[in-house]
Each structure stands twice: as C-alpha cells, then as structure tokens.
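Keeping the supplied structure of chain H fixed, place chain D upon it in accordance with the hints.
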Amino acid sequence: MTDNSTPRFSIMVQTALGPFSLQASLEVGAEPLALVGPNGSGKTSLLLSVLGLLPPQHGRIVLSDEVLFDAALAIDRPTEERHLAYLPQDFGLFPHLSAIDNVAFALACRSERVSTNQRRDQAMTWLERFGIAKLAERKPLHLSGGERQRVALARALASSPKALLLDEPTASLDVEARVEVRAFLAESIRSLGLPTILVTHDVVDVEVLASRIAVLERGQLVACGSLGDIRQNPPTSFASKMFDSSRVSGAIANSPRNEDVRHN
Amino acid sequence: MSHLLLTRAGSRRLYGAVMVGLGGFLLLFLVLPFVALVLDGGPEAIWRGLGCSLTWPALRLSLGTTMISVVLVIVGGTPLAWWLARSRWRSARWLEILLQLPVVIPPAVGGIALLLAFGRRGLFGGALERLGWTPAFSVVAVIMAQVFVSAPFYLQAAVQAFGRLDPNLLAVARSLGASPPRLFFRVALPLARPWLIGGAAMSWARALGEFGATLMFAGNMTGKTQTLPLAIYTALELDIHTAQALSLLLVVFAFALLLFLRRFNRGVELTRQPATP
Chain H
1 MTDNSTPRFS
11 IMVQTALGPF
21 SLQASLEVGA
31 EPLALVGPNG
41 SGKTSLLLSV
51 LGLLPPQHGR
61 IVLSDEVLFD
71 AALAIDRPTE
81 ERHLAYLPQD
91 FGLFPHLSAI
101 DNVAFALACR
111 SERVSTNQRR
121 DQAMTWLERF
131 GIAKLAERKP
141 LHLSGGERQR
151 VALARALASS
161 PKALLLDEPT
171 ASLDVEARVE
181 VRAFLAESIR
191 SLGLPTILVT
201 HDVVDVEVLA
211 SRIAVLERGQ
221 LVACGSLGDI
231 RQNPPTSFAS
241 KMFDSSRVSG
251 AIANSPRNED
261 VRHN
Chain D
1 MSHLLLTRAG
11 SRRLYGAVMV
21 GLGGFLLLFL
31 VLPFVALVLD
41 GGPEAIWRGL
51 GCSLTWPALR
61 LSLGTTMISV
71 VLVIVGGTPL
81 AWWLARSRWR
91 SARWLEILLQ
101 LPVVIPPAVG
111 GIALLLAFGR
121 RGLFGGALER
131 LGWTPAFSVV
141 AVIMAQVFVS
151 APFYLQAAVQ
161 AFGRLDPNLL
171 AVARSLGASP
181 PRLFFRVALP
191 LARPWLIGGA
201 AMSWARALGE
211 FGATLMFAGN
221 MTGKTQTLPL
231 AIYTALELDI
241 HTAQALSLLL
251 VVFAFALLLF
261 LRRFNRGVEL
271 TRQPATP
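Residue numbers (the numbering used here), protein chains in the order written: chain H, 1 to 264; chain D, 1 to 277.
Worth double-checking, as some hints may not be accurate.
[To be verified] Pairwise CB distance ranges, derived in the manner of DEER restraints:
id, chain 1, residue 1, chain 2, residue 2, range
1, H, Pro55, D, Val104, 35 to 43 Å
2, D, Leu258, H, Pro78, 38 to 46 Å
3, H, Ala72, D, Gly163, 31 to 39 Å
4, D, Arg263, H, Asp174, 32 to 40 Å
5, D, Pro43, H, His142, 45 to 53 Å
6, D, Ala92, H, Ser21, 46 to 54 Å
7, D, Ala127, H, Pro55, 38 to 46 Å
8, H, Ser160, D, Arg263, 22 to 30 Å
9, H, Pro55, D, Leu30, 47 to 55 Å
[To be verified] Residues from chain H that keep clear of chain D, each with C-beta distances beyond 12 Å, as calculated:
id, residue
10, Leu87
11, Arg110
12, Glu128
13, Ala133
14, Glu137
15, Arg155
16, Ser159
17, Ala183
Because the hints were derived from the structure by calculation, they are not lab data.
For clarity, every value in this text was computed on a predicted model and none was experimentally measured.
Glycine is no exception: its CB is placed at the ideal position from the N, C-alpha and C atoms.
Next comes chain H alone, as it looks inside the complex (with noise of 0.2 Å):
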C-alpha cells in the first residue's frame, strides 16, 4: 500500500493532560501494536496527539520519513495531511451518506480532479474487494456491525493511508459480530502491512491483532514488548490483571471460533 517498503512510525509527545503529563516514546514498523492501560491513562490523548488533534506541547512525530510534528521546529501537519487511517470505536461512518458515498468521500478529499461517477466506479471496487457489493447503497443505520466495519475498512484504505489507528475496534460490537470483526480485521491488518496501532481494552483484540504491547499508566509508557514479555513480567497491577493467563483462556475458551482465527 505504500510506496516505502519498511514504513516506520516514530512517536514522541510530551503534553499536559491535567492531572498528569502524557509522556511517551514508541516505535511502530510492520508489527501492529497495541495500546493498552487503565482508562485515563491517556490512551486515547496519545492517539489524538498522533492524529493531530491534541497538539503536544514537546515532541517528533515522523512517519516513513515524512515530519508529522516538531514542536522545537514547529511543524504541525493538519489532521488532513497526515495521511492516517482512523477508526474510532463506532466506525465513524458518514450517517447521512450510503457506503458507496462513504467510500467516495474518501476518494474525492484525495483526488478532487476525478468525476463523480468515476468516484463510483473506484468505490464500487473497493466495496467488492471487501465483499459488501451488495450493500453499497445502503445507510449506515442499517448495516450490521461486522458490515459497518468493512465499510469503515474500506473507506480508510480508500483514502491510501500510511499508518492504521484502531481505536477500540471491537468494543461496541456484540460477541458473534466482535468474532468476525476481529478476524477480518487481523487478515486486513497483516495483508496491509501498515504500522498500525490499536487502542484496546481487550485482551483477545491484542491476542489475536497485535503482535506488541505498549502499556500506559498515568501518562507514562511503562513497558513495550511481546504478550509474553508483557505477561511474564507485568509492569503494573493493571497489566497483571489483564493478561493474567487463567483469564485469558477462560476468555478465549468462551468465544470458540476465536482459535480459528489465530491459527489461520
């Protein structure tokens, strides 16, 4: 999807975040990382700041070799120019729009030149490669989750993004849909190739999407390594708890087709 063959997202943001100041440092290649922590353990601030939404108040933000932020060179890329894929916990769907328009809004903010119908015609492709042809004049409000989220999919990648940002991807979602939401999301994360970092309070999302952990605490990046490094030597009482193994299983074991998805 992108043009550099080893895309690599460096991250570093100081910022008040009132009670406490968000200080982190993270390296994101290839491997989707997941970020977790208690909530208000700025998370969520983290991400915004990455989106350029939250502006930090020291920091370097560079994607590939691209200046995202700089505080001490005051560089700040709008939002618009940054080239991220958000996903927020809902989707973030268009309501007003149908998902081949949804799609479309995306082609038509990153090629203005292009006609409409031919705008259509791209959607259209995007909306079959992800198998939702036959939905794409339908609203969002009556779209099932697992389809809303395919239509989320396809409209971030339609807009060629650089980096993937999940924010909760699977929390809004009942039991059966979050089994085949998260699978979809995995084959979709690992095909891409994208740095990608996944908010998530859900130990089967970081399981089953992630392949590194970044654990937040009051503002602080505590530790970043692999489930095991993490589960082995857990920094806090929060990610003792979380990856506590016994739990895990009995997560696991209480949504079956889950073994699936991780050994396909």
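Just chain D now, kept in the frame of chain H:
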C-alpha cells in the same frame, strides 16, 4: 389496615384533583383567548376586517421582509455558529451569551439600540449618511430590526446542532483528508441540517411577530414600514374586528409553522442513527 387503604385512596384522589385543577386552570387560560380570537364577531366581521386597506400592504411587507431577514440570518448565522461551536477560545463562550441578549431584552430596547447605532444621529449613522445611506425609518430598517431580534434563535439552535455533532465523525473526515470546506459542506452541514431548519423556522416566527424594535427603528408607516403586528396596533384604533382578522392571519402562519416543525421532527427521528449499533 382498611382505614389505611382508604386514606391512601383518599390522598390519591386529592392529589388527582389538585393536579387536574391547577393544570386545567392554566390550560383554560391559554386556550380561551384563541377561542375568542376565532369566534368573536363571527366570520362575516372577520371577512370584512380582512378587506381593510391596511391588510394587504402589511401582509406583503411582513412576508417579504421576513423572508429576506431569515435568509440573512441563515447566511451569516451558519458560519458564525460553526465557529462558535468549534472555538476553544474562552471568549467564544462569553460571545455566545452576549449574542443571546436580544432574546431577553425588551424589543423596544433593541429598537432604541438600533436607533442609537444606525439612526441619522446615531454612532455610525453619520458615517452611513456620508455614504448616502440612511436606513432608519425605511424597509431596510424593518429588516434590520427583524434580523436583530430573530438571529439569536437561529444562532442558538445552530451552535447546539454543530456542538452536538459526533467529534469522532469530524475527526474521521479530517483523517480521510477532508479540507475545511469539505468538512463543513459535506459533513457538518448535512448532519446539522434538521436542527438548522428548526432554528430557522423559530427565527422566522420571531421575525414575523416583531413589533417593538420595528416601531422604534422603522416607524409605523402604512405601505412602507407597517408590518402585520404594527397594522394590528393601528387597526385596533379603527375597528377591533380588523385587528382580529389581522391577528388571525398571524395565528394561521404560526400554526402552519408548528405543524411543519412537528412533521419535520418526526422525519428526523426516523433517519437518525442510533447511539450503538
């Protein structure tokens, strides 16, 4: 035990009587004037009232000026509300309160303020006159008075509508590469539209009923600055049934507006996205 039940039933009956009595009293008070407005004098007197020479010039002026006012309010109010709703600037909150002032001050005060600002001897009147323009006591003054008193109704609705937009949707639109104009015209405006239309309708109703500021700033000249509410005031001195007929005209417009809003709001409920999938 039975004694207790009886007391409970009794107190429930008393409660019912008090609630119905108080509510019914206000209901009657609110409805009876409308009954009188429709029934008093009979249809013939009303018909004769409608034929009065004041009626058609006032109706034409009222409809024409309020249409222009509401367009001006929408054209200026929409960008202002978008900015107010998105501004993180603390003064924007104060500005919002200031802009609501015309809702709570007596319209006559608004008229005096307009006169002091744009009147011939007003603060900016001299400058305007040198440009060859004296708005006071003209049709333009009628429109200015209407915009002044009615804009806050639209602004309030629009600021709320834009403020209620899901910040995630706006964030997603920007992350997809939407420029500020695209964000505004393709995302914010269509999503806020139902509330903007509601606000515009309330603003129009307020402009149509405008009396005090118009009287002070534009005067009460038949065929020139005399809108329907001013014509009612003038007609009252000639014949109450003429005033009644003109009032009924305004009631019909107001009622049509309420019906439109109700139907429209029902449509909105059907197309709105639920909070969770």
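Self-check item: Unsatisfied constraints (hint numbers, rising)
Solution: 6, 8, 10, 11, 15, 16
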